[in-house]
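Generate coordinates for the entire structure from the input sequences, incorporating the hints supplied.
Under my numbering, think of the first position of the sequence shown as 43, with each following residue one higher.
You can trust all of the hints, since none of them are fake.
Simulated crosslink set (EDC-like; lysine to aspartate or glutamate; CA at most 16 Å straight-line):
| # | residue 1 | residue 2 |
| --- | --- | --- |
| 1 | Lys73 | Glu115 |
| 2 | Lys54 | Asp248 |
| 3 | Lys54 | Glu115 |
| 4 | Lys73 | Asp55 |
| 5 | Lys73 | Asp248 |
| 6 | Lys54 | Glu114 |
For each label pair, taking beta carbons as the anchor points, the in silico distance ranges come out as:
| # | residue 1 | residue 2 | range |
| --- | --- | --- | --- |
| 7 | Thr213 | Ala105 | 38 to 46 Å |
| 8 | Ser152 | Val132 | 23 to 31 Å |
| 9 | Ala91 | His196 | 37 to 45 Å |
| 10 | Asp279 | Thr118 | 25 to 33 Å |
| 11 | Arg95 | Ala65 | 17 to 25 Å |
| 12 | Ser117 | Arg86 | 15 to 23 Å |
| 13 | Met202 | Ser60 | 35 to 43 Å |
| 14 | Asn274 | Ala65 | 48 to 56 Å |
| 15 | Gly214 | Gly131 | 22 to 30 Å |
| 16 | Pro78 | Asp185 | 15 to 23 Å |
None of these hints come from the bench; they were simulated from the model. Built from N, CA and C at the ideal position, the CB exists for glycine as well.
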Amino acid sequence: MQKIMTGNGIHKDLRPTSVRVNAETLQLVFKWRSNPNSFAITRRLPQTADELRSPADTPAEWALYMTLMWQEELSTGLLVRGTRRRVDGVIYIEEPAKTALDPEHGYTYSFYHQDISPDADGLVHITHGQSPHNRRVSTYNPDQLIGWEIAARHSDAESMRYVGKAVTSWTGSDGVASLDILDTRPGTPPHIVERIAFKAVHAAADAGALEVTTTLAIPVLAAVGFAPASSNHLTLDVRSMP
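So this is what it looks like as structure tokens:
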């Protein structure tokens, strides 16, 4: 348990706050990066000797194996793709009930964080929209831009194809971020639009945002946690988000 509590061997961005153990389960409560929320993940403890199998065939090896599993899961976005349940200020994370699929068309969706590299002028330029007729561009200082999230899809009949993006940046107020861009190809399923928006909001929370605002009028934002703050302004409180 000491290895888990110190975070040694798990992930450099994880800060354990407690380990809860009962007869059947082990639960790790932790902070992640600069996210103001607390998270918890739970695993069932081996109940018999038969359940201790290689490579984790002793209690000590099982504990080490679980730290490595948590490292892998957290590094690959468990906090975003997992099923979330907030109880008494802690977000309990479980494996996702849904995969990023579109069964009707046979697509599988993938999500990526776009590396942020300034252009020759030292700024980052991001084009809005999917239409070639929409050439509006947002320009950012590199330290202003928080996240540039990309969605793509593929199928047995189609190679990887760009679907859309979501962009967050810092506003001029401490702890306040903005969801500036959320655009996807026509026909993208709403749950995929919601997923990329949520990924962008979570990137802002991981960077330390306490609030995320937007002027975008997109229906799925309510499911992400945004609520009206004025006639043309939505806001999301990171500390109470889903």
